[in-house]
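Asks: Residue numbers for the sequence shown follow the numbering used here, so the first one is 2 and each next one is one higher.
No incorrect hints appear here.
No farther apart than 27 Å at their CA atoms in a straight line, the calculated lysine-lysine pairs in the DSSO-like style are these:
| no. | residue 1 | residue 2 |
| --- | --- | --- |
| 1 | Lys-10 | Lys-41 |
| 2 | Lys-239 | Lys-226 |
| 3 | Lys-239 | Lys-265 |
| 4 | Lys-85 | Lys-100 |
| 5 | Lys-226 | Lys-265 |
| 6 | Lys-10 | Lys-129 |
| 7 | Lys-217 | Lys-177 |
| 8 | Lys-10 | Lys-22 |
| 9 | Lys-41 | Lys-314 |
| 10 | Lys-158 | Lys-85 |
| 11 | Lys-129 | Lys-115 |
| 12 | Lys-8 | Lys-328 |
| 13 | Lys-239 | Lys-217 |
| 14 | Lys-158 | Lys-41 |
| 15 | Lys-115 | Lys-103 |
| 16 | Lys-314 | Lys-85 |
| 17 | Lys-177 | Lys-226 |
| 18 | Lys-290 | Lys-239 |
| 19 | Lys-338 | Lys-22 |
| 20 | Lys-129 | Lys-76 |
| 21 | Lys-41 | Lys-328 |
| 22 | Lys-353 | Lys-41 |
| 23 | Lys-328 | Lys-158 |
| 24 | Lys-41 | Lys-22 |
| 25 | Lys-239 | Lys-182 |
| 26 | Lys-129 | Lys-8 |
| 27 | Lys-158 | Lys-10 |
| 28 | Lys-177 | Lys-106 |
| 29 | Lys-22 | Lys-158 |
| 30 | Lys-338 | Lys-217 |
| 31 | Lys-290 | Lys-182 |
| 32 | Lys-8 | Lys-353 |
Quick list of simulated restraints, FRET-style, between CB atoms:
| no. | residue 1 | residue 2 | range |
| --- | --- | --- | --- |
| 33 | Lys-100 | Ala-222 | 39 to 47 Å |
| 34 | Asp-88 | Lys-314 | 14 to 22 Å |
| 35 | Gly-16 | Ala-275 | 15 to 23 Å |
| 36 | Arg-303 | Ile-73 | 20 to 28 Å |
| 37 | Thr-298 | Lys-129 | 23 to 31 Å |
| 38 | Thr-298 | Gln-19 | 26 to 34 Å |
| 39 | Gly-108 | Arg-80 | 18 to 26 Å |
| 40 | Lys-22 | Glu-242 | 50 to 58 Å |
Think of the hints as simulated: they come from the structure by calculation, not from any bench.
Backbone N, C-alpha and C define an ideal beta-carbon position, used for all residues, glycine too.
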Amino acid sequence: MIKTAIKTKAYAANGSGQELKSFEVQRREPGPSDILIDIKFCGVCHSDLHQVHNEWGISNFPMVPGHEITGIITKIGERVTRFKPGDRVGVGCMVDSCKECKSCKDGLEQYCEKRMVLTYNDIELDGKTPTYGGYSERITVHERFVVRIPDDMPLDKAAPLLCAGITTYSPLMHWKAGPGKAVAVVGLGGLGHMAVKLANAMGASVTAISRSANKKTDAIAMGAKEYLATSDSSAIEKAQERFDLIINTVSSAADMNTYLGMLKRDGVMVLVGAPSEALPVHPFSLIPKRRSLAGSTIGGMRETQEMLDFCGKHLIAADIELIPIDKINEAYKRLLKGDVRYRFVIDIASLK
2 MIKTAIKTKA YAANGSGQEL KSFEVQRREP GPSDILIDIK FCGVCHSDLH
52 QVHNEWGISN FPMVPGHEIT GIITKIGERV TRFKPGDRVG VGCMVDSCKE
102 CKSCKDGLEQ YCEKRMVLTY NDIELDGKTP TYGGYSERIT VHERFVVRIP
152 DDMPLDKAAP LLCAGITTYS PLMHWKAGPG KAVAVVGLGG LGHMAVKLAN
202 AMGASVTAIS RSANKKTDAI AMGAKEYLAT SDSSAIEKAQ ERFDLIINTV
252 SSAADMNTYL GMLKRDGVMV LVGAPSEALP VHPFSLIPKR RSLAGSTIGG
302 MRETQEMLDF CGKHLIAADI ELIPIDKINE AYKRLLKGDV RYRFVIDIAS
352 LK
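Work the whole structure out from these sequences, hints included.
Replies: Written as C-alpha cells, this is what we have:
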C-alpha cells in the first residue's frame, strides 16, 4: 500500500475483454528522484487492446492501460536535476529497471537483466505495487524514465512517439537505415506510418506495404517512394529480393515467407508487431540468401530522447485522431477494424 498517496481519476478494464470504465488509482507522492506529471494526452497503442483482451495471457486486472504519455511536470523530488516544474515531458513503455546491470549501464534499460518495469500491467520492483498507465490524470515516475518533448512539438501529436516512434526508430537505427538502403515497411498503422516517416528522414528509399491500395496517397505523402499492395500478386513477384531491411509492424498472422522473399542477400526483416499466435517460417526462406529474421522492442531512455530530438529537427509527429476518454471503448472497436488514421490519442482533459 502506498503510504502517501494522491487520488487519481483513471479509466480501467476490470476483466478480460471488458469495457473500460471510470476508476480511481493511487499515485505516490514524489520521492527524492521522482517526478509528478499532470498528464495531458495519452496515445492508444494496439498493445493496449491485446492486454485488455488478455491475448498474450499475462494480463492482470483491474488494468489502466496507456504508455504513450505526454504532460507537464507539477512537482519534483529534491534530487531531480534534469527537470523542473512546468517542463513538457513524456513517459513511454517503461517506468523503472534495476539501473545496475550491463544493459542498464549501456543505456538499454528495455533489456534489463533483472527486468524492466512496464508502465502498466506490471509490478514495481518492490514486488507488490501494481503499475497503472496513462489513461489517468497524473503519474509519478523516476526521473530516469522521463523524456523531454521538443518545444515546437504539439503534446497530442508527440504522445504516440513514446511507443510507435521509438519502437520503429530503434530498429531503423540499429540496422543502419539511411542513404543507399532500400527499406520496406509492412503495415501502415500506428507503428507503420511512423516507420515510413522516420526511414524517409534518415535518407532511405522507402516502400510501404499494405493489403490494399487504400492508403497509397497517405504513404506517399509521408515519404514513401513506392507503395505495394499485397492483394496484387504481380506486385509481390516484382518485389522479390529488393530490400535491405523490412520493418514488419503487423499485429496479426501474416505470411512471413512471402516477406522474407523480398529481402536481398544478407537482408533483415525485423518484427516489431506482436501477433498472439506463432508465425511459421520455412528454413529455405532464410538459408539460400543468408537472410535474417529479427525482433526488436522499444529503445532505451537515451535513444528515446534521441528519437524525440530527431523528430523535432525533422518536423516529424504522429497523424492522430483526438478523442475524449468516454469514446475509448468505441475507439477499441474501430482499432480492431483498422479504422483509424493513424493513432487514437486521448485528451485527458476530458477525464477531469
